[in-house]
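Chains as they are written, first to last, in this note's numbering: chain A, 1 to 342; chain B, 1 to 202.
In case anyone wonders, no lab produced these hints; they're calculated from the structure.
Hints may be right or wrong, so weigh each one.
Claimed, not checked - Result set (EDC-like, lysine to aspartate or glutamate): computed pairs, CA atoms no more than 16 Å apart in a straight line:
{"hint": "1", "chain 1": "B", "residue 1": "Lys9", "chain 2": "B", "residue 2": "Asp62"}
{"hint": "2", "chain 1": "B", "residue 1": "Lys45", "chain 2": "A", "residue 2": "Glu235"}
{"hint": "3", "chain 1": "B", "residue 1": "Lys45", "chain 2": "A", "residue 2": "Asp261"}
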Amino acid sequence: MPEEILFCKGGGCTAKLGAGVLERVLSRLPKPEERDPALLIGYESSDDAAVYRISEDVAVVQTLDFFPPMVEDPYLFGQIAAANALSDIYAMGGDVRTALNIVCFPEKMDLNILGKIMQGGSEKVIEAGGTLVGGHSIADSDVKYGLSVMGVVHPEKIFPNDGVREGDVLLLTKPLGVGIVCTANRVGEASPAAMELALRSMTTLNKYASEVIRKYDVHGCTDVTGFGFLGHLKEMLGRGLSAEIDSIRMPHIPESLGYADEFFLTAAAQRNRNHVGELVKFCGVPFAVEELLFDPQTSGGLLVSLPKKDAEQALVEIRRLGLPCDIVGKIVKKEKQQIEVL
Amino acid sequence: MERVDARGKTCPLPVIETKKVLENMTEGQVEVLVDNAIAVQNLCKMAEQKKMKAVSEKKSEDCYVVTITIEAGSRTEADTSAEACIPDSRAAGTVVALTAETMGTGDDVLGKILMKGFVYALTEQDSLPETIVLYNGGAKLSVEGAETLADLKLMEAQGVEILTCGTCLNHYGLSEKLAVGSVTNMYRIAEVLSKAGKVIRP
C-alpha cells in the first residue's frame, strides 16, 4: 500500500503545539463573568480533563485528544490514539463511560486503512469498559485520529494535577523514550526490541495503573504526554514547591538513550526544552538523559505524587503490569532551581 | 564548503543529514539551510555535543543558515574512528568484571537499578573498556530481556569485547538466551583477568 508511506510523518504527541504558545492564546480568551460553581476543574490549572459536578456523588470528566500517526501500522495507531485519549480520564481518577471518534482522512486514501484505525480505537474503548457512541469525520490532506471521551468520578476522589505536598515521592508508571524511539524508527534506525517495548507501552491503558493508585493517598496525578516528563512535572509543582529527580531510576526504553546520542531528536523535545529548561538544573547528567526527560511521550504513563510508604506499596502492584516503572524523585521545599536532576 | 539544504524537512532529518556529512570530514565548514528556528536549535545542540562551533543567521521568515565549523586538528584520529565504530576509543587493558546482577550489597532491588545505571554510565565514558566479562549472576545481564542489553550492544558495536561465562549461562538455564557478545569458559576468563592492566568490578 503506497499510501502507508505517507501515513506517518512524525505524529503522536510530538505534533502538539508548544506549551508557551498555548498559554498566550488561552490567557486572552473571554471568560464568563461568574464562574459556574459546578465546574470543579477547568483549564486554569493545566489539568488533563475538565470535571463538572452533576450531583453530590457524581462528576463528569470530559476530554478530547487526537493526532497524526506516529507508527506505520493503522491498527496499532488506532489503539495508541485511543489509549492516549482515554488516559486523561484515568489521570483524573475517573472511569470511562462513552467515547466519540474524531477522524480526519484523505478522500483518496484506501478506506480499509480507516477501518483498521477505527477497529484499533474501538477495541481500546471496549477494554476501557466504555461504549463508542458516535463521532465526526472530515476529509483532510493528512490522517488524524482520536477520541472525545466522557467519564465519571466521585467529586471527592478526583486526582488533582497540582495537589502535590512536600515529602511526597513521584511514581512514574511507564517508561520514557517512546518519542525518541519512534523518531529513530521513522528513519529506519530503531531495533525491533525497542519498537516492541514502545508499542506495548503506548497501547497499554492507564486504566490499570489508575485503579491501583486509587487505593492509596494520591496528592497529585497527571499523565506524561507531549510536554515530556519535565514539562508535566512543572505543571504538577505549580509555583510553591520543587522536585529532586533521581535520573538513574527513571524507567525508560533502554535503547532510547543510545538513539538520543545519535541525535534522533524531535522539534517538540526542543520546544519542551525551551519551555521548561530554565527551571531545571542538571547535575552532571549525560546529554542523552536530558533529552529523555524532555522527550514528548505519546500515551505515556501516569506521574503520581504520594507519600513514600504508599508509593512503595503501589509500585509493587504496578510492576506486575509488566512495564518499566519506578519511584523517580521527591517533592521538596521551594528551591531557587525548581527542578533538580541528579 | 559542504552544503545541506534541509528546508521543507522536519526534525530529525536536518540533524541526521548534517551529521552524515560531518562524519566524513576532518576539517572545514558545513552550511545547513533550514526553515524554522527549532531546527536551528537542534543543529546547534548537536554541534555543541560534538564540540564544534555553530553560528546561525536568519535570512528570512523561512530560511535560516547554520554554519558548523570543524577546526583543523580539533578532531583526533580517535574521534573520527569512533564515529565509524572502529574500536579505538577503548582503554587498552581495562577489563570490567560484572559478577552479579546487582551493584553493591544491601538491597537487591536497589542493586539492580544501580547495575543498570552503571552499565549505561559506562557507555557515556570517554574511553570504553577493552573487555567486559560477565559471570555468575552477571551472566543474567547479557541475555534476552535484560535491561542492560541495549547498552552492552552499544558498547559491542564500538568494539568492546563482551564475554559471558558459559558454565554460568547453563547453570541459570539461559544458554539459548545470550543476546550480545560471545560465550566463554573459565580459561579465557582467567586469561583476560590475568592480563588486564586494570580490572573494574562495580
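Comparing the hints with the structure gives:
Simply put, Lys9(B) and Asp62(B) have alpha-carbon atoms about 12 Å apart, close enough for the 16 Å limit, and the pair holds. A threshold of 16 Å between alpha carbons decides the hint, and for Lys45(B) with Glu235(A) the separation of about 25 Å lies outside it, so the pair is violated. A threshold of 16 Å between alpha carbons decides the hint, and for Lys45(B) with Asp261(A) the separation of about 11 Å falls inside it, so the pair holds.
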